[in-house]
Amino acid sequence: MGAYLSVPSWWRNLDGRYRLELGQCPDCGAHTFPAEGACVECNSTADFETVEPEGTGEVVAGTTITGGAPPEFADLQTQEGSFGVAVVELDEGARVPGMLTDCDPTTVERGDRVEAVVRRIYEQEGIVRYGVKFRPMD
Amino acid sequence: MRDAYLVGAAQTDFGAFPRESYRSLFSTAFEGAVDSVDGEFDRTEVDEAYVGTLGVGGRQLGLSGPAVTEFVGLDGASCTRVENACAASGTALRQATLAIRAGAADIAIAGGFEVMTDMSGDQTRYWLGVSGETEWERMSGTTFAGVYAQMADAHMAEHGTTREHLSRVAAKNHANGAKNPHAHLGFECSLEDAMNAPGVADPLNLYDCCPTSDGASVAILASEEAAEELTDTPIRVAGAGQASSRVGLFQRPTLTGIPATTDAAEQAYDEAGVEADDIDFAEVHDCFSIAELMAYEDLGFCEKGEAGPYITSGTTEPDGERPVNLSGGLKSKGHPIGATGGGQAVEVFKQLRGEAGDRQVSGLGRGLTHNVGGSGGAVAVHVFEEGWA
Ligand SMILES: [Zn+2]
Chain B
1 MGAYLSVPSW
11 WRNLDGRYRL
21 ELGQCPDCGA
31 HTFPAEGACV
41 ECNSTADFET
51 VEPEGTGEVV
61 AGTTITGGAP
71 PEFADLQTQE
81 GSFGVAVVEL
91 DEGARVPGML
101 TDCDPTTVER
111 GDRVEAVVRR
121 IYEQEGIVRY
131 GVKFRPMD
Chain A
1 MRDAYLVGAA
11 QTDFGAFPRE
21 SYRSLFSTAF
31 EGAVDSVDGE
41 FDRTEVDEAY
51 VGTLGVGGRQ
61 LGLSGPAVTE
71 FVGLDGASCT
81 RVENACAASG
91 TALRQATLAI
101 RAGAADIAIA
111 GGFEVMTDMS
121 GDQTRYWLGV
131 SGETEWERMS
141 GTTFAGVYAQ
151 MADAHMAEHG
161 TTREHLSRVA
171 AKNHANGAKN
181 PHAHLGFECS
191 LEDAMNAPGV
201 ADPLNLYDCC
211 PTSDGASVAI
221 LASEEAAEEL
231 TDTPIRVAGA
241 GQASSRVGLF
251 QRPTLTGIPA
261 TTDAAEQAYD
271 EAGVEADDID
281 FAEVHDCFSI
291 AELMAYEDLG
301 FCEKGEAGPY
311 ITSGTTEPDG
321 ERPVNLSGGL
331 KSKGHPIGAT
341 GGGQAVEVFK
351 QLRGEAGDRQ
361 VSGLGRGLTH
371 NVGGSGGAVA
381 VHVFEEGWA
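Line by line, the protein sequences give chains B and A. With my numbering, the residue at position 64 of the first sequence is 64, and numbering never jumps. With my numbering, the residue at position 82 of the second sequence is 82, and numbering never jumps.
Don't take each hint at face value.
Derived Cβ-Cβ restraints for the label pairs, each shown as a range [what the hints assert, rightly or not]:
| hint | chain 1 | residue 1 | chain 2 | residue 2 | range |
| --- | --- | --- | --- | --- | --- |
| 1 | B | 52 | A | 71 | 41 to 47 Å |
| 2 | A | 21 | B | 11 | 38 to 44 Å |
| 3 | B | 51 | A | 206 | 40 to 46 Å |
| 4 | A | 206 | B | 6 | 29 to 35 Å |
| 5 | B | 54 | A | 1 | 53 to 59 Å |
| 6 | B | 12 | A | 355 | 53 to 59 Å |
| 7 | A | 278 | B | 18 | 34 to 40 Å |
Listed below are several chain A residues computed to face chain B (Cβ distance under 8 Å; list not exhaustive) [said to hold, decoys possible]:
| hint | residue |
| --- | --- |
| 8 | 17 |
| 9 | 146 |
| 10 | 149 |
| 11 | 150 |
| 12 | 196 |
| 13 | 200 |
Hints are computed from structural coordinates only; laboratory data are not their basis. Glycine residues also receive a C-beta, built at the ideal position from the N, C-alpha and C atoms.
Work out the full structure, taking the sequences as your base and the hints as a guide.
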C-alpha cells in the first residue's frame, strides 16, 4: 500500500480523523492515539475504552515546513509558502501529530496551548479529505 | 558461541549514476569486497546472503535479493532480502553475523543497494514518506526532515542545543567526506555556510540534511575457522545489537532521543564486554544533523542533553578522542538507503586495517556502527574489534 492512503483506509479512521478519539488502557489508564494497537504506555493489548477528548492541549514539538512537502501537501506549500506541523500533547495525555492552522506557524512555540478544529486536509482522487488541525488559543 | 569476522568490505561511489543499474552497483561493491579479502576467496563457498534494500520509487521487486546475487555468480546460495528502511543493511549485517554464530554458515555476505536519483523530486518525497508512520504522522503534512526537525525543536528547548551545534555536525562531516573518494558530496563546508543555508523544516536547513544517493555496499563475514584461511588482519564482530521502537515519533516516550539506539547499543556493548567509553571511533546515522547529536547521547558517548557541548569540545573530530563519521557520514558520503549500514562497516573495516587513505586515523582498535531505520523504528548497532578472539 505504501504511503498512499486509499479512500477506504481514510474512512476507516474517521473517529480519529474528526474527533481524535483516544483509547484508554484498562490496565494502566493511559490514553493512546489512535485508539488501536498496543497501549503506548504499557504495551497492553487489552481492549481500549474509547474516549472522546476535549481537543485541547499543548505543543511539545513543532516545525515549519518550507521545502520538500509530501506530494499531498505540495499545493498547500506553493500557496502558503510554508506550513506548521506539531506534535500536540492533549490534556488527556496522548500525543497527536497535526498541522497548525489559522496562525503564522513561525510564532507557535513549544508550550503554546492549541485546540483541535476540523479542516480540509488534502484532496485526492477528486475527494476532499477532512480532519483535525490545531489552532492556537489565546 | 562461534565468532564472526569481517574479512572483506567495499562500497561503490555514492552519488548519482544514471548509467548504472541496481545490479551493476551491487556487482561493483561485491567485486570490491572480494578484492579486499587478503586470501583466496571462492564465491561458491558463500552459504548465506542478506541483501538490504527499501526499493525506492516502485523498485520493491519480489526477489530483489536473488536478482543481485545471481548477477555476481552466487547462484544457489541462500539469499534473503532484508527491509528495515534506512537500517536495512545494518540489519543484514546482524543477520549474517547470527548465521555464522549459529553454525548455519561458514561464510556469509551482507550488503545492500539503492537507486534513488533517477526519479522526480515528487516521487522521491513520496517514497521517503514510506519510512515514517504513514497513516497519521505523514498525513499531518510532515516530511522525513520535519519529524527530525520536531526532535531538534524539542532538543533545543529541553537542552539548550543551538543552531551552531547542529551546523558543527555538517561542517565536521563535510571536512571528513572531502577526503573520501567515494563521497557523494565530497566538498568542504564552513560552519558559517552551514549555519546560513536555506531552510527546509525549521530549525533544520539544507545543510542539516543528507542527500539521496545511488550506491551499494557489501561485507564478507566468516567463521573463525574460515577466517583463518582468508585473512591475517582479522576484524571481529564483537557485538551485534538490534532493537525496534514505535514507528511514529508521537507514540514514543521521548522526543529528544531514539530509544531503540539505546537498547541496541546496550546489547552490542554487553556482547562485546565493553562500555561506551571503550569505543575508539564510530560511524553514526547522521541522516539529519540532530540525529548525530542524539546518537552521541543515546550511544552513551556523553550525558543526555550534553551533545551540543560535546561536539563543540572537538572530541568527535578526526584529531579528537573519539572521531565520529570519519567517512563523511550520511551527510557528505551520501545515503543510498539500503546500502548505508554496510557502507558504515566498510569505513570501520578500512580504519581498523589502516587502509583509509587520507582520512586514516592511527591507533584505532575498536569501532562502532549505528544504523537507524526511519526516525527510529529500527536500529542496528555493531562493535568491531581488531584481532582474534
Ligand atoms: Zn497501558
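### Query
Which earlier hints can't be squared with this structure?
Numbers 1, 7, 8, 12 - these are the hints that the structure violates, sorted from lowest upward.
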